[in-house]
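Q: Chain residues, written in single-letter form:
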Amino acid sequence: MPRIVNIVKKGLYRDSVQLLHISDQVRRLEGVLNAMIAMGTKLNKEILAREGLLTPEGRDASENDLVIALKISDLADLNGILARVEDLLSKTPTQDLEIYSDLDYALDSNRDINLALVSVPGQYAREVVMKLLDRGLHIHLFSNHVPIEHEVEMKRYAVEKGLLLMGPEAGTSIISGVAIAFANQVRRGPVGIISASGTGLQEVSVLLHRIGLGISHGIGVGGRDLSREVEGIMTLFSIEVLERDPATGVIVVISKPPSQDVTRRVIERIKAGGKGYVTCFIGGEILDIGEKHRGRVIQTRTLHGAALETTRLAKSQLYWEARRMLGIDEKILNKIEDGISRLREGQRYVRGLYVGGTLAYEAMYILKEYVGDIYSNTPLKEEYRLDNPWTSRENTIVDLGGSEFTEGRPHPMIDPSIRVSRIAEEARDPEVAVIMLDFILGYGSHSDPVGAHLDALRRAIESSRSSGRELIVLAHIVGTDSDPQNMALQREILERLGVVVLPTNAMMALAAAMITMGRADKEFIEEFEEKYLVGF
Amino acid sequence: MQPDVEKALELLRSRPRVLSIGLEHFSRELRRQGARVVHVSWQPRQRLERDLEEILSKIL
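First to last, the sequence lines map onto chains A and B. Sequential numbering of the first sequence, starting at 1, is according to the working numbering. Sequential numbering of the second sequence, starting at 1001, is according to the working numbering.
Simulated from the structure, these hints should not be mistaken for lab results. One or more hints might be untrue.
As the list claims (entries may be wrong) - Within a straight-line C-alpha distance of at most 25 Å, the following computed SDA-like cross-link-like pairs (lysine to any residue) qualify: (1) A:Lys91 - B:Leu1011; (2) A:Lys531 - A:Ile332; (3) A:Lys131 - B:Leu1011; (4) A:Lys131 - B:His1025; (5) B:Lys1007 - A:Glu160; (6) B:Lys1007 - A:Gly273; (7) B:Lys1007 - A:Ile332; (8) A:Lys275 - B:Ser1014; (9) A:Lys161 - B:Arg1013; (10) B:Lys1007 - A:Leu133; (11) A:Lys275 - B:His1025.
Said to hold, decoys possible - Beyond 10 Å from chain B on every Cβ pair, some chain A residues (computed): (12) Glu51; (13) Asp60; (14) Ser90; (15) Ala106; (16) Ser119; (17) Ile148; (18) Lys161; (19) Leu164; (20) Phe237; (21) Arg244; (22) Gly295; (23) Asp329; (24) Glu330; (25) Glu369; (26) Glu431.
Yeah, the Cβ is synthetic: ideal placement off N, Cα and C, and Gly gets one too.
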């Protein structure tokens, strides 16, 4: 018979990321069937209970206490396991890292290194990057606030040397299955992605994984690569690379709308290529590519559409199943109808609280067709810029990863505290009908993003209800079953709270449109699918 | 002129061996995946101090 053991360490604190690592390691010990080492917060105790890992000792722990919860086989050496847990807890996480304080010395001592991940403050980026390029390293440059003239200079220099410079402001890359910065654990396969958007790359790679396809490589080129100034230097170079990469069969190119000249240049290069291509310049111009390339080159308007058209090119027999899998089914439609029927007079506005910038952009692009112009800190039209990004008005979608919210702070994908308090604020506004939330799983992200919002969401829903209103909360989880966070549990916790979880960000925007228009039917969905999901 | 893509293809053929400079969080996340990672800590304040020292030494 397996045994459940809880040991409470009074007043011992380790942060959630450290504890997540420790739990992972303990789970791999001999005789351990399941384990969770966590602070004794309400949520953690809830999760422990759900996993069948909670005993009366653990239940009595406070949020200042650390709980070691183990499920072990009857033959397991409990003392040995506990000694190992103590050992892991006593180590600071840096102890298992090889750390250098001098860049040159680190490079001289590790000559096998072939990629550098740079996340120093933007004003120092150029100096570090030029040195690394001189040493022949490919680079993923995460830093922001890098002047655009430095970006052009660094990228030109990189291409001259035949090196990839992914970034600046590149949130995501996936190289040979390794997640660089913020990326999900996705299956390997024939689809190569070149993306000027971190969360765009995450959304498309995750949707392809769910469909059953895989990713060869995901190259993040930085949000400004397709601007007039940078002229798509790294996108065009990456196309040359992936055209020659034997692991890549289909290439997806993702960006917010590029400048007109750059769009044309990229499309011209793609037309000269030999592989299958799907472009997704969200809301950007759709060009006439000519009969000769039709079927090999497909242009799409949304990330969801890009995933579907990629499926059509890479494995067409999965297309209709994918369309069904990522669509709004009967169950979700019923929840939306139910929500509409419970809205009170005066509840009419949408509030999107996003951590993914491109997801926010995509939602605005879709929703404006249905609800009109949308206020934002990153608006589609300048006159709809929020005077104060901390306060919403009418229909608002904010990118909480924007510089207003992240200067000197961790990104909200790691630190959800700003969004948590914003949820409460939106819920107090009697004109709000819908809140939209994206939850990003994967490496780099918070270890339990849904858990971090749970109390705030519960309070928001309850307080609206006690004021005689019904707040509808929509969510989309960008994650896979292989991510380090438990995707199924994340979804289940949201659904138990009454949150409507949508399979894609585009579908979340559609659901928000249906709610504000008070119309949820299959005809509406079909019209939407024809407009936003089918490629050209 | 066609750019030389050989070095990039070499990266894509291998599992990346990473030097991460800046946020330790990213190094830990790479380590967690079992990737080869070397971390370089970055201290902007120390650099600033060094720069100031340099400037001061020139002035004084």
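Q: Holds or violated: Lys1007 of chain B and Ile332 of chain A, Cα atoms, limit 25 Å.
A: violated, 48 Å
Q: Verify this label for me: Ala106 of chain A is non-interface relative to chain B, using a Cβ-Cβ cutoff of 10 Å.
A: Ala106 of chain A not clear of chain B: closest Cβ-Cβ about 5 Å, inside 10 Å.
Q: Far enough from chain B: is every CB of that chain over 10 Å from the CB of Asp329 of chain A?
A: holds, 34 Å
Q: Please work out if Lys91 of chain A and Leu1011 of chain B have their alpha carbons no farther apart than 25 Å.
A: violated, 33 Å
Q: Just to be careful, I want the Cα atoms of Lys131 of chain A and His1025 of chain B compared with a cutoff of 25 Å; is the pair within it?
A: holds, 23 Å
Q: Check whether the Cα positions of Lys131 of chain A and Leu1011 of chain B lie no farther apart than 25 Å.
A: holds, 19 Å
Q: Mind verifying the non-interface call on Glu431 of chain A? Its CB should be farther than 10 Å from each CB in chain B.
A: Glu431 of chain A clear of chain B: closest Cβ-Cβ about 39 Å, beyond 10 Å.
Q: When you look at the beta carbon of Leu164 of chain A, is every beta carbon of chain B farther off than 10 Å?
A: violated, 5 Å
Q: Below or equal to 25 Å on CA atoms is what counts here, so check Lys1007 of chain B against Gly273 of chain A.
A: holds, 20 Å
Q: Can we trust that Glu51 of chain A is non-interface, i.e. its beta-carbon lies farther than 10 Å from all of chain B?
A: Consistent with the label, Glu51 of chain A stays out of reach of chain B, its closest Cβ about 21 Å off (over 10 Å).
Q: Does the structure keep Lys1007 of chain B and Glu160 of chain A at a Cα separation of 25 Å or less?
A: With Cα atoms ~12 Å apart, Lys1007 of chain B and Glu160 of chain A stay inside 25 Å; holds.
Q: Verify the proposed pairing of Lys1007 of chain B with Leu133 of chain A, using a straight-line Cα cut of 25 Å.
A: holds, 12 Å
Comparing the model with each numbered hint stated earlier shows that hints 1, 7, 11, 15, 16, 18, 19, 20 and 21 do not hold.
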